[in-house]
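Working from the sequences, and respecting the hints, build out all of it.
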Amino acid sequence: YTMLLGRPPFETTNLKETYRCIREARYSMPSSLSPQAKHLISSMLSKNPMDRPQLDDILRHDFFCQ
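Taking our numbering, the leading residue of the sequence shown gets 98, the next gets one more, and so forth.
Hints are computed from structural coordinates only; laboratory data are not their basis.
Where is the CB? At the ideal position from N, CA and C, for every residue including glycine.
A few of these clues could be false.
Distance windows between CB atoms, simulated [to be verified]:
#1 P105 - S128: 16 to 24 Å
#2 L102 - Q163: 16 to 24 Å
#3 L112 - D159: 17 to 25 Å
#4 Q163 - I119: 23 to 31 Å
#5 S128 - D159: 15 to 23 Å
#6 T110 - L152: 27 to 35 Å
Structure representation (structure tokens):
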């Protein structure tokens, strides 16, 4: 996210709000991102750690293989 957009996904002007965004996995996704980038980011930032991809899954993701 940060490498593509130049800012952290959960950054706000208020620390408590930032923590709330992290807990709720609430972030914005610009429409300018490719569908592959959106899918990869959303899977990596999944609220449930068990739903997040493993490193091998990330490396084989369409975002890197296109």
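| query | Checked against the structure, which of the hints given earlier come out wrong? | reply | 3
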